[in-house]
Amino acid sequence: MIRKVLVANRGEIALRVARACRELGIGVVAVYSTPDRKSPVVAMADEAVHIGPSAPRHSYLNIPNIVEAARNTGCDAVHPGYGFLSEDPDFADICAVAGLTFIGPPPQVMQRVGNKATARRLMSEAGLPLLPGVVEPVRTPAEGRAIAADLGYPVIIKAAAGGGGRGMAVVTRGADFEEAFTTTRNTARAVFGDPAVYVERFLVGARHIEVQILCDSHGAGVHLGERDCSIQRRHQKLLEEGPSRYLDAEQRERLGALAVQGALAVGYTGAGTMEFLVDAGGSAYFMEMNARIQVEHPVTEMLTGVDLVREQLLIAGGAHLSVRQRDIRISGAAIECRVNAEDPTRGFAPAPGLLTEYVVPDGPWTRVETAYRQGDRVSPFYDSLVAKVIVWAPDRGQAIARMHRALGEFRVSGPGTATTIGLHRALLADETFVRDRHDVQFLDRYLPDLLRAAADEPVTAPRTTSEPATAPESPAGRRPTRRVPKETFHMSSANFTQQDLMDLLTTTGGLSPAAYTADPSATFDSIGLDSLAYLSLQTEIANRYGLELPDSPYGITLGTIVDHVGAALEAADTAKVA
Amino acid sequence: MGDLNGAAYSSGSLSSNGFLERGPAFDLARPAPEVPAPGVGALGEQALELAARLPGTLSRLVVRDGDLSVEVEWSPVPAGGTWMAHRAVADPSQSTPGDAGEVPDTVALPPGAVEVRAPLVGVWYAAPAPGEAPFAAVGDAVVTGQTLGIIEAMKLMNRVVAEVDGTVDRVLVVNGEPVEYDQALFVLSPSEVES
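In the order they appear, the protein sequences are chains A and B.
For the first sequence, this note's numbering assigns the number 1 to the initial residue and increments by one for each residue that follows.
For the second sequence, this note's numbering assigns the number 1 to the initial residue and increments by one for each residue that follows.
I should point out that these hints are in silico values taken from the structure, not numbers from a laboratory.
These numbers come from a predicted model, not from an experiment.
Note that CB positions come from ideal geometry on N, CA and C, so glycine has one too.
Treat the hints with care, since some could be wrong.
Now the stretches of chain B that chain A is said to cover, found in silico as 3 or more residues with beta-carbon under 8 Å [said to hold, decoys possible]: (1) 115-128; (2) 172-185.
Each pair of labels, with its calculated beta carbon distance range [said to hold, decoys possible]: (3) Q236(A) x R159(B): 57 to 63 Å; (4) S124(A) x G176(B): 37 to 43 Å; (5) R159(B) x A265(A): 47 to 53 Å.
Kindly produce the complete structure, drawing on both the sequences and the hints.
Have a look at this one:
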């Protein structure tokens, strides 16, 4: 059992780790940079060591200072938190050599898993499904373009050494490929020091679903269910929740088992997360593995009652897993909102203001993780996360109402302050989100509408319903909470034709013009489109024409869709004229 | 009119910069000497003691003898420590607003004193090897670039050097002691400051 841990991080996660140590009777040593010397984790630690000035490379990334601080204070373990050195194999290695237990996977495992291309190959060998794509790095634009043509557009070019949503580019047509390829390589080289990129099919209308796993050092592993992190702005998560509507119980078990299988196959130990993209039919494709505790880990804790940081500490101390798969129950629904000190109305510009007023929410099943107190200044030197608010409720509808209420209580004001709270509340009131119809592109696409909604914020709870609407509604009878995007809506009195549908299917589902058909009795799968493409079409038609298509493409012909949309347009025209 | 240390001091007049003229044996930047300079007299002694105990930098000192009088003027210690507070980490590109306003250690520094602080975390070694004489002891004169001690980190020996010429006023760490970033190691009294 570990006796004394050096917390090699700062802010809310440092506090989180310190609390878990306290509950296990483990000693806590905090390290701090000059501006963090009055932080709560420093105040609550048994000892604290000043390790450098504000710049992360001189403080929280300063390996010699951190290791020496651990040795000087008699620590036997180091917890790296998330970010900073948490996925640095050199740091893990140096800790091991210095006789410090690193709370995370072994360095070689971390290295293998950290490289996206290597991880894909390893997971593929372990039997996990991958998106169609090339596992080996792609060297030239010509090579990449040939691969992309093979896979079918849209494709995504990704940096192999990348992470955190950076170093990625989506390409919808061959003509754009070369430029996107070159740009991504340059970004990868500049940001990650490694220009290697690979190419994958890009799933439209998918969900980002990740599975939490725990593995001990004795070959045992469990999964603790999934988190749906599809609400992302430029690949940065803003809101996470669980469980996900895209998985039924059987799919959840299968995905979980796959995740554990993959982790054990590479020799993983500790807490980790397997990220997947899942299409509307519940088919999952492995994306990457995160070899650390994650920001959104509290969502899983609320759903399962398992303390993940505590488990990390016990596993690192050599213990066998304290839970068996059959003991893990996922109950109710949980949501986390990341409250960032950014101004969404000014392009999410950082707002490191003074928190003259800072009153966090409270109440039933409402959890707040924050290292700020009233009177603090938001740190301009590190990330903009101010607080995480997590709620639990028996179902998703109640969880949404609870989070909306909690964020309404959260008072943040002061000179220079701005947060994403308003945007979060608008999101929680948005019909697409409430009906659980969004996908990973949702926030990027509808951000302007959400910002408009945030500007005139509703005070009362959003209309939350767990049942998605199944019957088509006419636009006249529907009150959308979101304005239809101007640039796509053309209210023409001409009928909607099959050609229009083909165009729409190209935009939303990547249908190649070669597959176009004028036959109204053709079906979705007869033209080579899957349930995923259908979902995208469904969403787009709902947005443009206010028409709700049935959930499943089975038994529906293209002609039926054309007729429905045409009828809806006519009805709208008639309503206008009347 | 008292004759202070041989300096020409006629009644009612002060030296041109308002400072009490002193012979070369006395330096206002130093703490008050234990033995009063010859010829100072009781009032002068009291003035010197007062000057040494100021909570700031002496800027004006007037002493009269006839009808007794002492006038002292000092400026408060500016934020960030003594006006010559010294960082062993001298690279200006490293300093950012968050690092300024460092609260100095609780020991009151004599005016003009310079602190030498640790640039990294590690273990302090005062001598080149066990049993040898320390690099710098109280009273030693040191010059810019001279090694004052070693901080060991990750099996590497990092020298800590003086960045000014001066004398070691105080040694704040002991051999073998763990030190943290920015920890005060020495107090130096710099040699004559050029005007």
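Going down the list of hints, with the structure as the test:
no.	hint	in the structure
1	115-128	holds (count 4)
2	172-185	holds (count 5)
3	Q236(A) x R159(B): 57 to 63 Å	violated (44 Å)
4	S124(A) x G176(B): 37 to 43 Å	violated (54 Å)
5	R159(B) x A265(A): 47 to 53 Å	holds (49 Å)
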